[in-house]
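Construct the complete structure from the given sequences, taking the supplied hints into account.
Taken in order, these protein sequences are the chains called C and D.
In this text, residue positions in the first sequence follow the UniProt record's numbering: the first is 1, and each later residue adds one.
In this text, residue positions in the second sequence follow the UniProt record's numbering: the first is 1, and each later residue adds one.
Just so you know, the hints here were simulated from the structure itself, not pulled from any lab data.
You may find that some hints are simply not true.
[What the hints assert, rightly or not] Some chain D residues flagged as far from chain C (calculated, every beta-carbon gap over 10 Å):
#1 Asn-26
#2 Asn-44
#3 Tyr-66
#4 Ser-72
#5 Thr-90
#6 Arg-96
#7 Ala-105
#8 Thr-135
#9 Lys-180
#10 Pro-223
#11 Arg-280
[To be verified] Not the full set, but computed from the structure, chain D residues with beta-carbon under 8 Å of chain C:
#12 Leu-147
#13 Lys-178
#14 Tyr-179
#15 Gly-206
#16 Gly-212
#17 Lys-258
#18 Ile-261
Even for Gly, the Cβ is constructed at its ideal location relative to N, Cα and C.
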Amino acid sequence: MADLSIEDKCKLAAKLLEQAPPGEVNDVINDIRAIINDDATLMQHILPSLRAYNLSQLLVVEHPATDGIKEHTSLLSFAGIVPGEEQERFVDHEGKRSFVYDHINAAASDYQAYELPEEEEAFRAELAKSLAAYTKSHFPQGFSTVSSSQFPLLPPEPSVPEVVPETTVDSASKTDDAGAAEVAEPPEPTTAEEATSGPVTDVVEEQVGGGEVEPLPTPATEEVPEKQEEVVEPGGLEKVDSAVVLAREAEEKEEQAAAKETEEGGVEEEPRVEEVVTAGGEPTSTAESETQVVSETAPAKPPRKQERVENPVYTLEVVGNRYNISNFWTGRWRTRWIVDQAKGQVEGTIYVDVHYYEQGNVQLATEHAASFPCPTQSNGNQSVASQIVTTIAKIETAYHLELNDAYEELGEKAFRALRRALPVTRQKMDWEKVSGYTLGADLTKARS
Amino acid sequence: MADSDPTLDSLLDLMRRLPPTRVEDNVNLLCDLCPEYADDLLGNVDQPLKILRDEDKGREFLGCDYNRDGDSFRSPWSNTYLPVAVPGPTPSPKLRQLETSLNAAFDTYREMYFEGGISSVYLWDLEDEPSGKETSFAGVVLMKKTLASPSGASDSSPTGTWDSLHVFESHERGRSAKYKLTSTVMLVLETPTASHGDKVEGEAKGKVTLSGSMTRQAEVDYPLTTSAGHIPNIGRLVEDMEIKMRNLLSSVYFGKTKDVINELRSQSGLEAKSREDMLRAELAGRLGGRK
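Here it is, written out as structure tokens:
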């Protein structure tokens, strides 16, 4: 057998992470890294697979509080990609912003204002409100989002800075942005950086393993991941500072002061800086060297024409995660419903994945597609949006019940048909006699 | 096994996480990625048993890593490697005799418990202790049953596959023998779903797949007077273990994973549930007060 090239090996290995069970993508990545033993080459191929995994598994992204916006979360998904952007951006509806996501470092950055046209936003918000209520009621660790395929309104020029008014925050997020841009683009910078930065493995270990790419969003596990993330790595923070200083040079003395404050523990006023550190593990280690150029050029956006789609679709997504590491199980319930008013249909898919791994590897994987006609007018005092979510709730509950029936079916019928608990005689074999028997052979002959 | 090789540990850890339904593809891929670990992978990761046919004897038999030589597998019925005859290892004549008897005995076992399917038993000699006081051999008992959906009704019936491997070692000492057993059962079950909410029009269809493998070990000492005594000893050992594992699989597959679903999503709604809890607490409080 001809040996594969290292590039081919990395490509194939990275694909494996898309099979990762709920909450275990970091474990899978670390296994792959140990197997390939060439992080520099491997990480370039991890990015597209990890992005695909995060988007299809509805990764929960935490957004720390900034002025006027409470701490909240949003989901990554294919439907949540802002249309018409050159660089991939995701919508954070609650914060009315879009952001760039760095999958490798698990960090959101470069927040910009995002606003849907009024009509679309009204319907979307109503769906989102109903869906959130449904999610809250049925998923102990549930998150939901509603996306519209409509193009956002072009931001009037001066409104941009208003969203991100603090200079420090601004620069911190730019530093971060550069980091993200770097990874999103062809990955040479990452490699170059890793190659030059001394103990390569350690750096990447922290980025990938310590970054809690997956567990990050889930307070789901009663005990585990959150606390670890709160641990601010002093080294990381210093690097943020130094990057900031380097980037902005003398220009912003105030900012340096602010950043220092952060370092000394005045974290609250500098939420984004904190995020850079906590969420990303050590994002700046990749960002450090070649960020400056990018961050200087980043904010300037070419003027664009307002685009519109005629019949935007709305995508309702829910994810419920539970990771109970100490009891050897993880699970995820995902649903995606697409409201297409032009087509008059609401089409959805429900996925449930469970991994149980105490002395074994047992997995449940389900996929279920359903659809229903889209309501067209309010019914009594129930709006269209509310009717849609009510029907979704009904279908999902019916499916949940059916899953219980499926267990019955599998347990009673299939499992028994595969192997009896005891022979028809209701007694175990008489092995002392069996050596004399040729019963099995006779029965087999009789059968055929 | 001296498993302190971190690469091998990672390969095996990975296989414990990736979907059991794709074990064959994934093992092949990992063998391509790490050709130097191919033997370790094939020897440590249990894969679904291969069904082969012994044309001369007109019977099917099972293939696994223990009766494999290159791409050929030794048939328990003819003791030859198939489909391409290769001069692979075969048991000593004495052990082959025991192997033949065990195949007959487990054929009966298979019919009584599986009411179909295929079984095979393979034995191989282990090096005897230099003292000459102990004779040792090892073997594997294989069972496979497939539940195909009846043709025509393909859309509504569950399907499934049971693969069990019982790998054992036997060490004779005087009038008893010590048996060490490692058993793995691979079980895949699949059933379609079709529900949509009450009074909701439209189509719905889906599939539920439960798949996986579990491994358990046991060690026993049984009395042994003649060589034929191995048959009831190994028979009981495997039978007891398979009964235990069937119960275990039943509780994990149908109990545990179902519980997790209910942890992910509350059927009645969390508010309703907390109301119930409050009522229950209130009731308990009143009953307690009455005493």
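Quick rundown of the hints versus the structure:
Not every CB of chain C lies more than 10 Å from the CB of Asn-26/D, the least distance being 7 Å, so the non-interface label is violated. With a cut of 10 Å on Cβ distances, Asn-44/D stays outside the contact zone with chain C, its closest approach being about 13 Å. At roughly 21 Å from the closest C-beta of chain C, the C-beta of Tyr-66/D stays outside 10 Å, upholding its exclusion from the interface. Distance check for Ser-72/D against chain C: the nearest CB is about 18 Å away, which clears 10 Å, and the non-interface claim stands.
Against chain C, the non-interface label of Thr-90/D holds: every CB pair exceeds 10 Å, the least being about 22 Å. Its beta-carbon lying about 16 Å from the closest one in chain C, Arg-96/D satisfies the requirement of being farther than 10 Å from that chain. Annotated as non-interface, Ala-105/D brings its C-beta within 10 Å of a C-beta of chain C; the closest such distance is 5 Å. The Cβ of Thr-135/D sits about 20 Å from the closest Cβ of chain C, beyond the 10 Å cut-off, so the non-interface label holds.
Listed as a non-interface residue, Lys-180/D keeps its Cβ farther than 10 Å from every Cβ of chain C; the least gap is roughly 17 Å. The claim that Pro-223/D lies off the interface holds: its Cβ sits roughly 12 Å from the closest Cβ of chain C, which is beyond the 10 Å cut-off. With 10 Å as the threshold on Cβ separation, the claim that Arg-280/D sits away from chain C holds: the shortest Cβ distance comes to roughly 18 Å. Residue-level restraint check for Leu-147/D holds (minimum Cβ-Cβ distance to chain C is 5 Å; threshold 8 Å).
With 8 Å as the threshold, the beta carbon of Lys-178/D stays out of range of chain C, its nearest partner Cβ sitting at about 18 Å, so the hint is violated. Because the closest C-beta pair between Tyr-179/D and chain C is about 13 Å apart, greater than 8 Å, the hint is violated. For Gly-206/D, the suggested interface contact is upheld, since its CB lies about 3 Å from the closest CB of chain C, less than 8 Å. With its C-beta approaching chain C no nearer than about 3 Å, Gly-212/D sits inside the 8 Å limit, and its interface hint holds.
Of the supplied interface hints, the one on Lys-258/D holds, with its beta-carbon coming within about 5 Å of a beta-carbon of chain C, less than 8 Å. The interface hint given for Ile-261/D holds, since its Cβ lies 6 Å from the closest Cβ of chain C, which is under the 8 Å cut-off.
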